[in-house]
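Colleague: Count the sequence shown with the working numbering and you get residues 759 to 1092, in order.
Hints should not be assumed to be uniformly reliable.
[As the list claims (entries may be wrong)] EDC-like, lysine to aspartate or glutamate: derived pairs with alpha carbons at most 20 Å apart: (1) K931 / E1046; (2) K846 / D880; (3) K989 / E956; (4) K918 / E956; (5) K1083 / D1016; (6) K953 / E985; (7) K856 / E956.
Calculated directly from the structure, the hints in this document are not laboratory data.
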Amino acid sequence: MHKHEPYDFIALGDITTDAFIRLKDAHLHTNLDKVKEELCFAFGAKLPYESVTVVPAVGNAANAAVAAARLGLRTALVTDQGDDMYGKEHLRHLRREKVSHEFVRTHLDKATNYHFVLWYHDERTILVRHEEYTHAMPNIGSPQWLYISSLGSDTLTYHKQIEKYLKLHPAIKLAFQPGTFQIKLGLKDLGYFYKRSEVCICNLEEAQTILGSKEPKAAKLAKEMHEAGPKIAVVTDGPRGAFVCDGTRVLFMPPYPDPKPPFERTGAGDAYASTFVAGLALGMPVEEAITWAPINSMSVVQKIGSQAGLLHHLDIEHYLDKAPKNYRPIEVKV
């Protein structure tokens, strides 16, 4: 049992180190069959690059934990990592950010997740590899919020453990920001998490996949997501803004104006989702919390990586004071 007071915010999900490789000699090609841009460079060549920036202790859950800690919440992270130099650096980074690592499991003779980020212009393509660990849900007590995000494809049994824990602790408020593997599983295998969620946050394409829907409008998808179980569903639509459905209304929230063009977009979605949940954890109503989220997202894309631009409480209030008059949630008909 824990001797301290329950945490305000515990994030659960994979952790990794990101190595950002800024490319020079590449180009974008539109695949006419897939109607999607592809990153292309010469095969078999030696390619110059501009720089490499290594960013430790990232990933959806780690990003959320750091965002919440910077906003003043008592925060911890539940994750698994290897017993190597990258894992040790993760722990040092979490300590610096005032995120407790008492629930970080370090596995002997295992490697820590390490991703390569191919950075071209303001976008990135990420080469990912999830190490396989023996996962076990720890006793985290009864935090105010449990924020679950991306886990690897070998974690279906682990999800069942988490589900069992949540059933034994009904007072915990669940926030769910599903990652790639969780999105693919959809409502069939992870229906409990959607129905149990106080908040579920995803982007438009992710919502379509989860719901098996071809609905093109984010506002309608937010309503459909809410009907699938979450008390509050947030569907983001990139630079077009986001929609929030709490069952009684659908709110549109515009983006915060960029002070200059985005530098690098990694972590924008994590910043948005975790800041909204952190706002609720701080006692804000939905209408206020949703004004905080775009500000942290805007700030993150001005820096390299997913955490350098994360703001503190007073910083967000400063941006709110400077916000244009139309920067506010608006109820829309769906």
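Colleague: Between the alpha carbons of K846 and D880, is the straight-line distance 20 Å or under?
Modeller: The given pair, whose Cα atoms are some 30 Å apart, is violated under the 20 Å limit.
Colleague: Are K931 and E1046 close enough, with their CA atoms no more than 20 Å apart?
Modeller: 19 Å, holds
Colleague: K989 and E956: Cα distance at most 20 Å?
Modeller: Answer holds: K989 to E956 is near 5 Å, not above 20 Å.
Colleague: Under the criterion that the straight-line Cα-Cα distance not exceed 20 Å, is the pair K953, E985 satisfied?
Modeller: Cα-Cα ~9 Å, so holds.
Colleague: Please work out if K856 and E956 have their alpha carbons no farther apart than 20 Å.
Modeller: Violated - the C-alpha atoms of E956 and K856 are around 25 Å apart, more than 20 Å.
Colleague: Quickly compare the C-alpha distance for K918 and E956 to 20 Å and report which way the hint goes.
Modeller: 19 Å, holds
Colleague: Within 20 Å, alpha carbon to alpha carbon, are K1083 and D1016?
Modeller: It holds: about 15 Å lies between the C-alpha atoms, which stays within 20 Å.
Checked against the numbered hints above, the structure violates hints 2 and 7; every other hint is satisfied.
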